[in-house]
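Chemist: First to last, the sequence lines map onto chains E and V.
Using our numbering, read the first sequence as starting at 1 and increasing by one per residue.
Using our numbering, read the second sequence as starting at 1 and increasing by one per residue.
By construction, these hints were calculated from the structure, which means they are not laboratory data.
There may be inaccurate statements among the hints.
Pairs of lysine to any residue residues, derived as SDA-like cross-links and limited to a Cα-Cα distance of at most 25 Å, are as follows [said to hold, decoys possible]:
1) E/107 / V/369
2) E/107 / E/129
3) V/381 / V/369
4) E/70 / V/369
5) E/124 / V/369
6) E/107 / V/377
7) E/70 / E/129
What the simulated footprint calls covered on chain E by chain V, stretch by stretch (three residues with Cβ under 8 Å from a Cβ of chain V suffice, anywhere in the stretch; the number is not a length) [claimed, not checked]:
8) 92-102
9) 189-197
10) 258-267
Ideal Cβ placement from N, Cα and C applies to all residues, glycine included.
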Amino acid sequence: MLEVDGLVRRFGEHTAVDGVSFRIAQGETYGLLGPNGAGKTTTINMIAGLLTPDAGEVRLLDEPLTGDRKSLIGLVPQDIALYPDLSAVENLEFFGRLQNLSGPRLKQRVAEVLEVVGLTDRGKDHIDTYSGGMKRRANIAVGLLHEPALLILDEPTVGVDPQSRNSILESVSALGGAGMAVLYTTHYMEEAQRLCDRVGIIDAGRLIAEGTPEELVAQLGEQATVRFRLNAAPDAQRAWAEVLRTMPDVAAVQESGDRVSVMTTHGPAFIAPAVTAAREAGVGVAGVEVTEPDLEAVFLHLTGKALRD
Amino acid sequence: MWRHVWLIARLGVRRSLRDRSILIMALVAPIAIAVVVGAAFGGGASVSATIGVANEDRSDISAQIAQSLTNAGGDGIAFATVSEPAQIDALLDAGTYDAVLVLPAGLGDAVLTGDAADLEVVGRAAEPLATSIAQSVAQGVAANLQTARVTAAAATTAGLPDVGAAVQKAVETQSPIAVDQGQVQGTFSVMAYFAPGMAMLFLFFVIGEGARSIVAERREGTLQRILAGPVSPSAVLLGKTAQVMIVGVVSMSVVWLITWLAFGASWGDPLGVFLVIVAAVAAIAGISLFITGIARTENQADALTTMVALLFAILGGTFFYGAAGPLVTMQKFTPNGQALAAFVELSAAQATVVEIAPRILLLLGIGIGMAAVGLLTMRNKVLA
């Protein structure tokens with residue numbers, strides 16, 4: 001369905017995307033997981049034809065993506081790209097006509113996508129009267145309108161309340177099941193883990209790992225993540241983190257504000273020696289959390305930093 | 001592509017018509033200000049002017065023309081014989097006459113021999129309308145003299161013994177006043193001057209906002225969404241240009257119709273008025289697109305538009321009636337001044353479309369040239 005080969009995009013001296021390649025099959029939901037600034041949006045803008053790559057190629061259904069073939073893609077941008085002074089129906093009708101829908105077919109599709117995103121009752125209300133979650137859902141509806149072969153969703157749940165978020169995730173999950181290829185970018189590992197058949201982990205413009213969530217997590221073996229919440233001076237915290245790095249079976253240590261995350265095969269058994277070392281270093285431990293291996297831990301393992309950095 | 005152009009333009013027009021601030025700027029404000037200012041300049045009724053007729057020729061033919069003119073007039077327009085042609089400038093400066101139509105020495109002989117003879121109009125900078133009316137009358141006289149010259153040539157060729165009598169008869173029969181009666185008796189509403197002037201001032205803001213909507217849509221993300229579909233950047237730019245043209249022409253036409261139907265202000269030949277409206281809107285749209293193209297930010301474009309709108313309005317004569325001194329020259333270099341001059345010629349002097357064609361072409365040229373630069377800049381900057 002979608003073949004992305006060696007995409008490169010530079011902005012001046014900065015290389016935002018550096019040789020990204022992946023493929024998405026029909027009916028597959030592919031997650032592009034990475035922190036803010038990793039190059040996710042630049043990558044999808046090149047796939048959607050909004051940015052010209054400095055190198056590399058995008059092919060959809062075995063052909064380059066040009067002109068009218070852009071109708072094969074439905075783009076749901078990260079920001080709400082709707083006219084706030086128009087109703088959802090008016091927005092959908094405008095963007096639908098641009099996609100060459102018209103007449104009864106357009107009206108039918110507008111009704112269908114409003115149903116999919118749960119906005120049938122509010123379709124005639126202006127977008128600026130919607131809640132944040134409803135705007136997100138209307139934003140998705142526009143991307144679905146013309147029944148694209150590939151739907152690209154760029155962080156569609158950012159800033160959304162839990163209820164709307166769940167609704168959006170359910171809708172996306174249903175789309176993949178209906179045979180549509182979906183490219184989903186996010187920095188929420190739980191979304192990638194829940195929705196995606198395969199995940200590509202992107203950092204600093206490079207695709208550093210790819211596979212099913214299970215395959216990626218399996219790379220970590222039995223490693224768990226132990227997260228400490230601290231009450232300490234920065235110097236003392238830093239010194240303690242150095243001590244942790246020297247301890248046996250520690251794969252990675254990452255500091256973020258008043259928190260330190262440690263990847264270790266010892267799991268909960270690591271807590272006791274770590275707290276002892278903290279006491280000796282003058283570091284107060286305010287809380288501890290142990291999590292089983294997940295995509296966040298994979299990212300930490302691969303990059304030494306957290307997804308939300 | 002043209003379907004996309006139309007869809008984008010139609011959406012823009014629809015959103016503009018829903019925007020109350022745009023309706024106020026495009027319709028309410030120019031009409032309200034024109035009514036107030038028009039009333040202040042004479043109850044919104046008619047212009048009055050005294051046009052002197054200076055006969056430097058003293059032939060029978062020129063005497064006949066001068067007599068015909070001084071017997072004409074009405075509705076605030078009066079013709080009077082200038083007793084001292086050598087003092088024309090002083091008499092104009094003193095305000096004795098608002099404009100003077102000069103029948104030059106040798107006019108009668110030129111007509112009899114079939115040669116060309118130019119009539120001269122001397123006007124006051126402060127009274128462009130009176131000058132315009134005098135110029136129109138001069139054109140009418142010249143047209144009739146052409147008939148007289150043809151008569152003279154025919155009489156000479158035919159070997160008639162008294163060519164002068166034949167020509168005299170032709171001049172009497174083809175009274176120049178008969179040709180120009182419409183202008184002389186016509187009334188010029190001051191509102192027909194201020195309404196288009198104010199409409200053009202506010203159109204800078206209305207059209208400027210439309211032009212900046214390209215940048216605004218990029219900021220809001222809708223532009224990227226449009227371009228993610230099978231829509232070319234050219235279709236977006238043409239659609240936005242069509243949007244500002246439609247909004248501008250419709251709003252100015254509504255101002256025209258309201259001031260005409262509700263206040264009785266005649267702007268002149270409807271076809272000519274419509275063409276000037278289109279040309280003026282094109283010029284303003286071109287300037288607005290140019291400003292949007294060169295500005296670094298939306299706010300900078302907004303500020304520049306305001307500055308340019310006010311500058312052109314002041315220099316173009318929007319705020320005053322009857323420019324003097326260097327302002328008369330500056331008016332020629334502003335789209336507002338050119339458009340207002342065309343409107344004055346249409347309403348006060350009953351000019352034809354052909355007569356105002358140079359001004360229309362100039363305005364269209366300004367519009368097309370500025371829009372081309374602005375759109376190319378935007379294509380590279382905003383749509384890249």
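Chemist: Please go over all the hints and tell whether each is borne out by the structure.
Modeler: Here is what the structure says about each hint:
1. E/107 / V/369: 42 Å, violated
2. E/107 / E/129: 22 Å, holds
3. V/381 / V/369: Cα-Cα ~18 Å, so holds.
4. E/70 / V/369: 33 Å, violated
5. E/124 / V/369: Outside the cut-off at roughly 42 Å; violated.
6. E/107 / V/377: 38 Å, violated
7. E/70 / E/129: Given that 25 Å is the threshold and the Cα spacing comes to 31 Å, the pair is violated.
8. 92-102: holds (count 6)
9. 189-197: With 0 residues close enough to chain V, the hint is violated.
10. 258-267: violated (count 0)
Consistency note: the structure conflicts with the earlier hints numbered 1, 4, 5, 6, 7, 9, 10.
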